[in-house]
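Engineer: When you get a sec, could you build the whole thing from the sequences and use the hints?
Protein chains: 2
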Amino acid sequence: MSDISRDHGGRGAPPGRIGIGLELDSTHLKILEVLRENGRISVAALAERVGISRANAYTRFEALRADGAIKRFTAEIDHGRAGLGITALIFVTVRQVMWRQFRAELARMPEVEYCAITTGQHDAMIQVRVSDVSEVHTLVTDRLANIPAVKATETVFILDEVMRRPYVLPSDQRPRPRRQPQESAPADVPLGKMRFVGAAEGRAALRKD
Amino acid sequence: MSDISRDHGGRGAPPGRIGIGLELDSTHLKILEVLRENGRISVAALAERVGISRANAYTRFEALRADGAIKRFTAEIDHGRAGLGITALIFVTVRQVMWRQFRAELARMPEVEYCAITTGQHDAMIQVRVSDVSEVHTLVTDRLANIPAVKATETVFILDEVMRRPYVLPSDQRPRPRRQPQESAPADVPLGKMRFVGAAEGRAALRKD
DNA sequence: GTTGAAATTAGTACGAA
DNA sequence: TTCGTACTAATTTCAAC
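Chains as they are written, first to last, in full-length UniProt numbering: chain A, 1 to 209; chain B, 1 to 209.
Hints listed in this document are in silico derivations from the structure and should not be mistaken for laboratory results. Keep in mind that the hints are not guaranteed to be accurate.
Pairs count within a copy or across copies, as identical chains cannot be separated in the list.
Said to hold, decoys possible - Keeping only pairs whose Cα atoms sit at most 25 Å apart, straight-line, the calculated DMTMM-like set for lysine to aspartate or glutamate is:
hint, residue 1, residue 2
1, Lys71, Glu37
2, Lys193, Glu135
3, Lys30, Glu76
4, Lys71, Glu113
Structural biologist: Okay, structure coming up:
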């Protein structure tokens, strides 16, 4: 099973935790940056591109894998070519107490490529890939609807995947002035059309079952 | 730039298109299946696992790359370890005529890991990774809000990524009885709590600007 | 599409800076 | 720690079958 959550009591480490093990320096990040673009590069070539010795590259490479900073290497496939040209997002509202059951059922659905727990109106978003639009219908009405943990769903189709970056590193971002902890976010930003949906706020709308 | 859309007039090939070039047989799919789990496996080991000769594996491997069925190899990183522990989904409503501009702006935002055009209430979903919750706020209110193409946004946070499969192959799915083209989807499925959101239907709700 | 042997490259170990 | 070198194992290429 491809479950990226670590087994600390059933939920993954909350996002935001950093550096439990290995302390990553700029050389480590440079290595990750090369590897995200070319996961099959040889360690020798990697060493050269990063500007370190081959031996050092081997050491760091292994450390990154052992530490879990690199979770795995994978090939990105053209899903259309592979016969799975239909992609859909299914937003699911889950009965919170039945969360474990929901996860177990998900694991049994190979069409599911990605699942994340979100704040907002729904509790989870799952991304599925199938070969035919009718399969989405079958999947949602037959499979998902039959999971007692599932309270409601909302499905949208993906018409085009405009961008997929392997991942992003802090080094990609332009340096931002470090904000002091007690300093709050700037309050003078014109909000207007922008809307943030917190977990409690959004969920309240669905609490009428 | 990491743009997975091919340049046929600015939009990628619509999902559902299959086999423009290479015809993929079951051996090709088996190769992809191995490569999705271990992108760094040697071709020799790959050949053994698939049950073909090395030379054959090299030929097919190269063909898959050249054809574009394998788009690239990449390392999956633990974003938290790399200092980008905050993940958010931003649903964006775009002024359709300004779509090109929106894409151009997206390309200039390294925080964006994924962007897909969807049916439903919004027009696009983007996934961003940053190191701090406040950066999401800055990103949405400062960067996105200043793009004229952006009409409205809705932001949710990802609390946990429960599952990420490298991709899914048709061979993963259990064989389904092939439905004849004129046959429609079964109409006797109890719908109830399930909801599909088509592009037109959902968008009508936002057409009040 | 397969096998096997040559050339190249990868991975490891270890002493020196 | 990191580097450089030398040594061993494995991989890729390319030939003939």
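Engineer: Next step is simple, just say for each hint if it's right about the structure.
Structural biologist: Each hint, compared with the structure:
1. For a Cα distance limit of 25 Å, the shortest separation of Lys71 from Glu37 qualifies both inside one copy, at 15 Å, and across copies, at 11 Å.
2. For a Cα distance limit of 25 Å, the shortest separation of Lys193 from Glu135 across copies, 18 Å, qualifies, whereas the shortest one inside one copy, 36 Å, does not.
3. Proximity of Lys30 to Glu76 under the C-alpha cut-off of 25 Å is found in both arrangements, the shortest distances being 21 Å within a copy and 14 Å between copies.
4. Taking the shortest alpha-carbon separations for Lys71 and Glu113, both the intra-copy value of 16 Å and the inter-copy value of 17 Å come in at or below 25 Å.
Figure legend: structure checked against the earlier numbered hints; every hint is met.
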